[in-house]
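Kindly generate the complete structure, drawing on both the sequences and the hints.
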Amino acid sequence: MTIRKLWSALAVLAATGGALVAVSPAAQAAPCPGTSGVTVVVDFTALGGAVQTACAPGDPATGLAALTGAGFSYAFLPRQPGFVCRINALPNPCNGAPVTAYWSYWHAQPGGTWAYSTSGASAHDPAPGSVEGWAFGAGQAPSTAP
35 MTIRKLWSAL AVLAATGGAL VAVSPAAQAA PCPGTSGVTV VVDFTALGGA VQTACAPGDP
95 ATGLAALTGA GFSYAFLPRQ PGFVCRINAL PNPCNGAPVT AYWSYWHAQP GGTWAYSTSG
155 ASAHDPAPGS VEGWAFGAGQ APSTAP
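Numbering of the sequence shown is given in my numbering, commencing with residue 35 and proceeding in unit increments.
Bear in mind the hints are in silico, worked out from the structure with no lab data behind them.
By construction, the Cβ of each residue, glycine as well, lies at the ideal position given by its N, Cα and C atoms.
There could be a bad hint or two in this list.
Stated by the list, open to error - Restraint-style ranges between C-beta atoms, simulated for each label pair:
1. Pro-127 / Gly-163: 30 to 38 Å
2. Thr-102 / Pro-144: 18 to 26 Å
3. Ala-172 / Thr-152: 13 to 21 Å
4. Ser-70 / Asn-126: 32 to 40 Å
5. Thr-134 / Gly-92: 31 to 39 Å
6. Thr-79 / Arg-113: 24 to 32 Å
7. Asn-126 / Pro-67: 32 to 40 Å
8. Ala-109 / Thr-178: 19 to 27 Å
9. Thr-152 / Gln-114: 14 to 22 Å
Structure below.
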């Protein structure tokens, strides 16, 4: 933690009268309740991050629409449209699709098991109440249960 961040944290603590305030990260939302949307899980652990779960409200038409509806950004590989190269600007740089590391795409029902997608995220239509998963690595499922 830098000195500046420490002073900022102390200033907030003083301003709130010493009360602790919990703030959730932007893309760290609770899963969608019931069939109110599609839950999206993105596993950044292979890139030094954490697993993030968010809700894409309503009935997104595609897996990519669910990804953006849940607050995640993505980019395609420049010469391979449709191949997701980055999610939330990771990895950086994106040099293609190495066999050992890519964004794999998964589907599940809450409490079920992950199933590797047999269609691309632009072709799959996730049902409200379902779970979409993305994991960077050699094709392994997200590290958390759906």
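The hints, checked one at a time:
Distance hint for Pro-127 and Gly-163: a CB-CB separation of about 37 Å, consistent with the stated range 30 to 38 Å. Distance hint check: the CB atoms of Thr-102 and Pro-144 are about 21 Å apart, consistent with the given range 18 to 26 Å. Separation of Ala-172 from Thr-152 is about 18 Å and conforms to the stated range, judged on CB atoms against 13 to 21 Å. Restraint check, Ser-70 to Asn-126: a C-beta distance of roughly 33 Å satisfies the suggested window 32 to 40 Å.
Take Thr-134 and Gly-92: their Cβ atoms lie about 36 Å apart, and the range 31 to 39 Å holds. Judged by the Cβ atoms, the range 24 to 32 Å given for Thr-79 and Arg-113 holds: they are separated by roughly 28 Å. Distance hint check: the CB atoms of Asn-126 and Pro-67 are about 34 Å apart, consistent with the given range 32 to 40 Å. At roughly 24 Å, the beta carbons of Ala-109 and Thr-178 sit within the given window of 19 to 27 Å.
At roughly 18 Å, the beta-carbon separation of Thr-152 and Gln-114 lies within the given 14 to 22 Å, and the hint holds.
When held up to the earlier numbered hints, the structure conflicts with none and fits them all.
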